[in-house]
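Undergrad: Protein chains in written order, with UniProt numbering: chain S, 1 to 665; chain B, 1 to 177; chain P, 1 to 317; chain W, 1 to 314.
Source of the hints: derived by calculation from the structure; they are not laboratory data. Quick caveat: nothing in here was measured; it's all calculated off a predicted structure. Please note: incorrect hints may appear among the correct ones.
Subject to a maximum C-alpha distance of 30 Å in a straight line, what follows is the list of computed BS3-like cross-link-like pairs (lysine-lysine) [as the list claims (entries may be wrong)]:
| hint | chain 1 | residue 1 | chain 2 | residue 2 |
| --- | --- | --- | --- | --- |
| 1 | P | Lys106 | W | Lys284 |
| 2 | S | Lys588 | S | Lys76 |
| 3 | B | Lys7 | S | Lys128 |
| 4 | W | Lys198 | B | Lys63 |
| 5 | P | Lys212 | S | Lys478 |
| 6 | S | Lys447 | S | Lys536 |
| 7 | S | Lys588 | S | Lys128 |
| 8 | W | Lys305 | S | Lys517 |
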Amino acid sequence: MSRIGVFVCHCGENISRTVDVEQVAKAAGEIPGVAYSCDYKYMCSDPGQTLLKKAVAEHKLDGVLVAACSPRMHEKTFRKAAEAAGLNPYLCEMANIREHCSWVHEDRDMATAKAKDIVKLMVERVRKGKSLAPITVPVTKRALVIGGGIAGIQAALDVADAGHHVIMVERDPSIGGHMAQLSETFPTLDCSQCIMTPKMVDVANHPNITLYTYSEIEKVEGYIGNFQVTVKHKARSVDESKCTGCGVCMTKCPKKKIPNEFDQGHGMRPAIYVPFPQAVPNTPVIDRENCTMFQSGKCGVCAKVCGPGAVDYEQKDTFTVEDVGAIVVATGFKLYTIDRKPEGSPIQGYGEFGYGTIPDIIDGMTFERLASASGPTGGKILRPSDGKEPKQVVFIQCVGSRAREKGISYCSKVCCMYTAKHTMLYHHKVHDGQAYVFFMDARTPGKGYDEFWRRAVEEEEAVYIRGMVSRMYQRGDKIVVMGSDIQVGTQVEIEADLVVLATAVQPQDGADLLAQKLGISYDKYNFYSEAHAKLKPVECATAGIYLAGACQGPKDIPDTVSQASAAAAKVMTLFAKDKLERDPVVAKVNEKYCVGCFACKKVCAYGAIEEKEIRDRQGNLVKKVAYVNPGVCGGCGTCQATCPSKSIELDGYTDEQIMAMIEAL
Amino acid sequence: MHAEHIKHDFEPKIVAFVCTWCTYAGADLAGTSRMQYPSNVRVLKFPCTGRIDPVFILRAFQKGADGVLVSGCHPGDCHYMAGNFHARRRFAAFRALLSFVGVDLNRLQFSWVSAAEGGKWVDVVTELTERVRTMGPMPEFKELEHEEQWSTFAGASVDKSTVLNSPELKEAYDSIG
Amino acid sequence: MTPGKKRLSYSYYPGCSLHASGREYDISTRALFKALNVGLKEVPDWFCCGATPAHNVDELLSLSLCAKNLSLAEEVEGDLAVACAACFSRLKTTQHHLKEDDSKRKQVEVAIDGPAALNKPVKHILEILAREYGLAKLEESVKKPLLGLKVAAYYGCLLTRPPEVPELDDCEDPSIMEDLLRALGAEPVKWSHRMECCGANFTLSRPGVVLKLSNAILESARFAGADCIMVACPLCHGNLDIRQKEIKDAYGAPDSTLFGNIFGSELHGGSAPDQRDLPIFYVTQLAALAMGVASGSLGFESVITDPKPLLRDKQLL
Amino acid sequence: MNAKANKNQVTSIEPAYYQAITEAIRKEAVQILKDETVVGVVGYLPGRRKGTASPALVTTVEEAEKLIFSPACVNNLSVYLTKAKKGVLKQGKVGIVAKGCDMRALAGLMTESQLQREDLFIIGVVCPGVYGFGVERTGTLTEANIARKCRECTVHMPEGSDVAAGTHTELADLTPEEAEEMARIEAMPQAERWAFWKEHFSRCIRCMACRQVCPFCYCEQCLCDKNRPQAVESSPRPAGNMAWHLVRAMHLAGRCGGCAECERVCPMDIPLNLLNRRMAQELKELYDFEAGLTPVEKGPLNEYKENDDQSFIK
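With the rest of the complex left out, here is chain S (with noise of 0.2 Å):
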């Protein structure tokens, strides 16, 4: 027989007023197995609180109902004073008789008889309860950051700087991503290397960093603060250990001729590369698609001229597995570069533009590249076709973006400030050249970003032309551009040198499969979905994983840094405690009656459930049972009322409790 003490608040006058708290107290005392009851003005003030303790004491209670207001306003409260008395905290609970009796009624008889209803239906609710204890997990405080762009760098150098390991994987042979590709950055028009590059110097100097380049996730398992990743190094055909860096390989190569990506296939470069001149690290890497040795066997002139011999043709892939606490996902974005609809992808494309087929038509990156000063033109602004200087340029934005008809209907955040930007660069440089902008809207929330825009327009004299462009087709040496002017209301056609189109951010190719890899969310676009688009939006939803940059939407340098550290804030704040404790309202499993059906691990969406097999003292496979990871669980009990045995039980909210409750009706 249970000792339940039941402690009737009167909130001032806040219940009383509706409810003869009296009554509920006599009413509750009558209740079977209630041992004690009360009524006290202020249940939460320190005297209310003290008596609560007592009653534990004097009248030995094993379980405690404050009947006053919300639980979501003072459970914690009470449920510390019972634990202070002694009592499991999981056994005192609140009856709400004020948020939802005495508030919302003014009849006292039917505010009584509720208020008296639903303490009865807590008292069942307690009694049924079982102690529960916090669940903790260890965690291992070391890192893994996916994606060495400027998101992927911010974050890696905030945790490793204050103090934890960190694992950095990038898929390149560099680190750096799309910043070290930009020539100069709004609203400020700096460097864009200038800046970035002593970042990633910091990176590979950091006694606290492991930079892995060139090497993919395998493999993800375990959960927050526990998880072990299998990295694939893919096979680079140089030694790092021994590289020197001293490029000798690079400038024998005896082909030079393969576009080279860092310069959107603008420049050139050898078989055997560094992406670029500043790259991290420099250690080379052999593209074995396009290298003699691998294609015939017949070279080897690397390996010849490479004085420590780092050269190795028979490397292969290699896997490590790093334990780490918790996941930063930094992939970032790529340009949407199709001319025609891939097959599969719900995204039309633009031939209409002639993309892919007009060599002097470019998207933002490449002219990016024609700017920078490291790029294919040394800076000045060639058009590729025939390397002329382009005296009529048409800068084009929103092409994939905000086009729900082509299959995106987002906003790609950066292209209207860096449109603005590339006619600047290009007005600096070809100083009687016309830059001409079709755009939809100019959108430049941020601090600086409207100034900057209307330097463009009002002091570098870009011609902005609201409106959108049908078609473009080569004339001579010219593209015919045919648009609109919506705000004249009249067809437009300019005949352009060069056309540069903004095109839409994407998500990296395989974001998915990381995705898939990693067991987080992802949208129809494949941007990682965040926890809560206001209140979290750098957690994944799966515990341990945050997210940072444009993986998870169309960002600018600022917000992306921004978000970095947010999510290395995060991260240290999960390293802050040795052990992870978490609330114990988490579903178990009973294993003498599971079938293993596994309908809830269909249906949990934490991934928290798993198959274990439960093997008799011979070895010998006696089932399989479902097993709740209760690091992983978030306790919303979909998979309690979907098994059909109830054989997995969600820890606070029974069959038993809630049924005894139905009962106490």
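Once you have looked at the hints, place chains B, P and W on chain S.
TA: Below, chains B, P and W without anything else, positioned relative to chain S:
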């Protein structure tokens, strides 16, 4: 002083199964905003609508509820990501079943009430209470509770010859007399 | 049932133009389908689809006209084959609208006194040839490949637009006509104006607009080095073929400065501006020719811009 | 495209048809036992009374040569893999004779991780139908003696089996009695529907035969046998009966393969399959789900779409 309360002949018993994150909080907001609604509703708190088993609804009707409300977060707002989506399918199926066996679905209400929708909580509860009040007490499950196995045979409403369609049964029944 | 084995067969809605100014399209379609052994059964008692004036004037009328024709077509077995791009567009648009809008569907069903056949598949000749008959099989069936014939494939505005209605191909950058031409052995040229409007709606009310728009199309095709233009719409055909002389009178030779500086430039291709005649072919005329159908039965005599010199030149006659 | 074109519609299915299937089953069963593909075959042997059949597990070639198939082979044998003969599977791969509806149960059990396809050798039977209850068993199947569930069968072809015996033959022009009955109940006023089911359920004696025979009721402890808490009253009283049948229907929703064994074994003639059919119909309408012949990743009540119908939610 308090406004004169209208006394009704019938006060329906309404049970609400709500999720803690949205609807419970919405009901709290109705309280802090001092909105008024009929006092007939008894609230049972769950972490999520995904936790609510159809058996609970059945049991509530058996235990004398005249109306049942199930309410949780709007789609996409679930604190647990997808609990309400699963619940939505489960209850869509359960409704069809109840309707097929002849339960009046006007007694079973589902709603999405967010933590910000104190007003909607009041509307939903008031509407259900008043609707059920005009419908009168729910007799079906209550009657079952009080009936015994053979009572229908004893009653005049059923033709024994169609029910006791085997000699063994007839014999068994007659022996009980 | 294996699809390959059964003989393809369609119900057929020719539309008014194909019984009048676009007769060549009708007879060449019939000749082609016969040559390919594809069944074609004309919908009995069909009438005008309402293109192009009705939908500008009276929506209910335009929807009802098409809905009634569709329900007539329902009586004939097989998907509905349509040759005219305007009829195709109207019929598909009607199905699309009425599927989306229940109240309108009810109105129309009262007007036509019966159910609207919203699920009768409506197929353009192009998709029947390229997809259902199939390019590979078409290529096999070619008896006289159109070798050396440079063709500007002209889509016009209705075949692919708006994107959600015809579902024929990519709305702004289709390739179905070019694919078809390649299968027939011809050489499709790359050109700029294949998706532009010829001005069909203004053909009677504002011929000036038509001359301007059609001139741009012809000029662009000549510039791309085309020998001729292939169309799939009798209205486009009318403008480009019948008015060719009128256009020349109105516009003369193109501005030589416009193209002058790049003649012969390898980078950009292109040919000298001229005023050469550009025969306008229907897709079915070219396809039937390649299938070896006698040229006498393809209506080459009844067009204004005589295609025979070109065909003789290419040894296709 | 059109299934009707290929199938053979007749007015009666003669014993010869079943004999041919019987031969095929025997041949196959003997073969797989001989070459030790399987350790046993779950099939049908002749019953003690003439014209009956009973389920059996045969493990020898001699026994296998006695296997039969006839309209009396009503049982859904998949239940023997999850319950009574569960141990069988532990010995190794098992052969099983499966009609279309049995195949659906097997597929469902694979979906629910209860069976592995590689543990089974499925001898599919192109089943034109089986006897109903209390009918004349002449050896010939006709409109007069075919089971109610078979009148609307959509799975005559056991696609996905290892081998299939028989050619597609079915009885012509069968009235869909079950669908008509469902429509009749749906058309009743609500109170009448309640009275209809109340009358049926109040007869229930809670013998649990429906549970015992159901391939999907494989739980080791049924929710309805639990007493802490007691969600469903266990004694045969009207309240508990109603709860039991509702819980049963709900638990089978999205899983039931439509074999109607529950209804066949019910000693009180409660039309249980109507409940299962109604749930299947609803899930088809709402989520376009139909129990099929191949396992799926998730059943309709274990998954969701963000745009699922919610017209019933305020």
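Undergrad: Are the hints correct? Go through all of them and say.
TA: Hints and how they fare:
| no. | hint | in the structure |
| --- | --- | --- |
| 1 | Lys106(P) - Lys284(W) | holds, 27 Å |
| 2 | Lys588(S) - Lys76(S) | holds, 24 Å |
| 3 | Lys7(B) - Lys128(S) | violated, 36 Å |
| 4 | Lys198(W) - Lys63(B) | holds, 18 Å |
| 5 | Lys212(P) - Lys478(S) | holds, 22 Å |
| 6 | Lys447(S) - Lys536(S) | holds, 23 Å |
| 7 | Lys588(S) - Lys128(S) | holds, 17 Å |
| 8 | Lys305(W) - Lys517(S) | holds, 22 Å |
Hint 3 from the earlier list is the only one contradicted by this structure; the remaining hints agree with it.
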